[in-house]
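Undergrad: Residue strings, one per chain:
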Amino acid sequence: MATLAAALPPPVERRTPLTWAHRNLFDGWLNTTLTLSVLGFLWWFGGILWRWALAAHWSVVTDNLRLWVVGLLPLPLIWRAWWAGGLMLAAAALTLVGARAGVRPRALFGLWGGTILAVAWLFSPIRLDQIGGLYLTLLLAAVSIGASFPIGVLVGIGRTSRLPVVRLFCTAYIEAIRGIPLITVLLWFSIFVSLLSGESMPRVARAMIGMTVFASAYVAEIMRAGIQSVGRGQTEAARAVGLSGWKTMLFVVLPQAFKNMIPALVGQFISLFKDTSLTVIIGLSDLLGIGRSLLALPEYLHDVREVYVFALVVFFLFSYLMSAGSRRLEHKLGLGER
Amino acid sequence: MEPIRQAGQPIILLEDVHKWFGRLHVLRGISLAVRAGEVVVVAGPSGSGKSTMIRCINRLEAHNRGRIVVDGIELSDDLRNIDAVRSEVGMVFQSFNLFPHLTALDNIALAPVQVRRWPRARAERSARELLDRVGIPEKAGVYPAQLSGGQQQRVAIARALAMQPKIMLFDEPTSALDPEMIQEVLDVMKGLARDMGMTMVVVTHEMGFAREVADRMVFMDEGVIVEEGTPAHFFTSPKEERTKLFLSKILHQ
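Line by line, the protein sequences give chains A and B.
Mapping to the working numbering: the first sequence position 84 is 84, numbers consecutive.
In the working numbering, each residue carries its 1-based index in the second sequence increased by 338.
Rather than coming from a laboratory, the hints here were simulated on the basis of the structure.
Keep in mind that this is a model prediction, so the values were computed, not measured.
Cβ coordinates follow ideal geometry from the N, Cα and C atoms, glycine included.
Be aware that a few hints might be false.
[Unchecked claim] Heads up, incomplete: computed chain A residues facing chain B, CB under 8 angstroms, no partners named:
#1 Gln234
#2 Arg239
#3 Val241
#4 Gly242
#5 Leu243
#6 Phe251
#7 Val252
#8 Gln256
#9 Asn260
#10 Ala324
#11 Gly325
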């Protein structure tokens, strides 16, 4: 009779940076050549960048920080912008700390509700077309993301509806919008909406509407994919215990669909955030618009590289924050499931 | 809606039920009557229409011709009738179909809270009692992915029982289970039949279970009921050739 085998600890692998480098970068002549040539290129290119960065005229950024951040917001109103930004930062910091300490989600919702109300009050005397720079970029992104999410969810549900008229309408909307570039949608809204509203509607609002209409169609498609990723057995089990169609959607399908949708949804929102820069085309002075205005001034005529490198860094920072946040959220929601 | 059932009338009645999937004629005139408290085991080769038949009883599939009456309510396109029937009929699936984003307890309590409008506390108390009945009271706070197949299926049975159904439908409840977990699920089902006197329609290949628990055996093939009778008759002296062939295959595994 065989004796029972005792459980052994897994073999310990000795891993030093040197063995790692040997295994991953220098195993064989091909990899060694590749590694060395890439390192050589990086050394050469990095050197050029470094020398340029040291000699660059960063004054176009440092002397105009206020313009970059809030645009041409009138000076007497500017304290409101600083307070609003400070509140948002404080709320974000509290959220991070709170999430780590395991505060209830309800408390965080309350915190953000209050913050948003306070920011709305701070901004109430400011007209939309007075805002510019990074604030305008963030505002455009926040409004179009915030509005396109619920609209997209509804249209996406409609796209999978059993009612033919609803399904046809939603499909037509999605297909029409997906066939048009965002620039065209923005131009169209900025020109044609004024036919309906007169000139009274600020260009910023028209851009917001255009971006929301555009993004909703994409959110709806993500939503449809999310709904369809939930197996038919889930719906059947929910209907079999007597849940109605809507309650099945709300309590069984959507919670699972949303989790599957997060990566695609965040990708969509990041590209929407970057696409705010297209509003330059209808004359808005968002972050990139401010950069272009500065370049038109005689003293900054030759600072093209500085301006675009700075815009690049700011866009990258915010996009990266969004993507890091979504990874945390995914990780959190992944607990206790497949 | 008040059931119009009189004593002795069947709680489930199928009359000449037909069902097509596209051009495929899956049910070809099924007539079956199940009395309250009866345990009916449905057997037959795959593709014989047995799953489709019990899925028609709570209208996960709509039949195309014939009549289905459950607890005095006729199944039609009237949505109120369908909801009324579904809250009287529990169903257990081959692939469990537990809600992966909810704990075992919440899986069970969801429908009583949302459909029966019970207060949360009452629904949770009843859910714990049901987990106790299916033998896993300690798994209340656990998500389905952390449960074994047998435990998942027992939670699924508890979830179906939570709506206090008069009828339980089982669609091959042990076919997706590893062999060592089949018995724990069958034991729970036996308990339902014996202790609660539950009306049950069970599609299964577990002939040991059928012999022990069934009041009646129904053998289906190619969309029709070929033969029905008591287990004693069915296993010892089947009349039809197709039944004999099926039994010889399934009993000599």
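Undergrad: Does glutamine 256(A) meet its interface restraint, that is, does its C-beta lie within less than 8 angstroms of any C-beta in chain B?
TA: It holds, given that the least Cβ distance between glutamine 256(A) and chain B is near 6 angstroms, below 8 angstroms.
Undergrad: With a cut-off of 8 angstroms on the beta carbons, see whether asparagine 260(A) makes it to chain B.
TA: This interface hint is violated because 11 angstroms lies over the 8 angstroms limit.
Undergrad: Quick one, is the valine 252(A) hint okay against chain B at 8 angstroms, beta carbons?
TA: Result: holds, 6 angstroms to nearest chain B Cβ.
Undergrad: Mind checking the CB of arginine 239(A) against every CB in chain B and telling me if the closest is under 8 angstroms?
TA: holds (7 angstroms)
Undergrad: Taking the closest Cβ pair, is phenylalanine 251(A) under 8 angstroms from chain B?
TA: Result: holds, 6 angstroms to nearest chain B Cβ.
Undergrad: Against chain B, is valine 241(A) within 8 angstroms by beta-carbon distance?
TA: holds (4 angstroms)
Undergrad: Should the hint that glycine 242(A) touches chain B count as held when the rule is a Cβ pair under 8 angstroms?
TA: holds (4 angstroms)
Undergrad: Against chain B, run the beta carbon of leucine 243(A) and see if the smallest gap drops under 8 angstroms.
TA: Since chain B brings a Cβ to about 6 angstroms from leucine 243(A), closer than 8 angstroms, the hint holds.
Undergrad: Against chain B, is glutamine 234(A) within 8 angstroms by beta-carbon distance?
TA: holds (6 angstroms)
Undergrad: With a cut-off of 8 angstroms on the beta carbons, see whether glycine 325(A) makes it to chain B.
TA: This interface hint is violated because 21 angstroms lies over the 8 angstroms limit.
Undergrad: Closer than 8 angstroms between Cβ atoms is the bar; does alanine 324(A) clear it against chain B? Give me holds or violated.
TA: violated (24 angstroms)
The structure fails to meet hints 9, 10, 11 from the earlier list, while all remaining hints are met.
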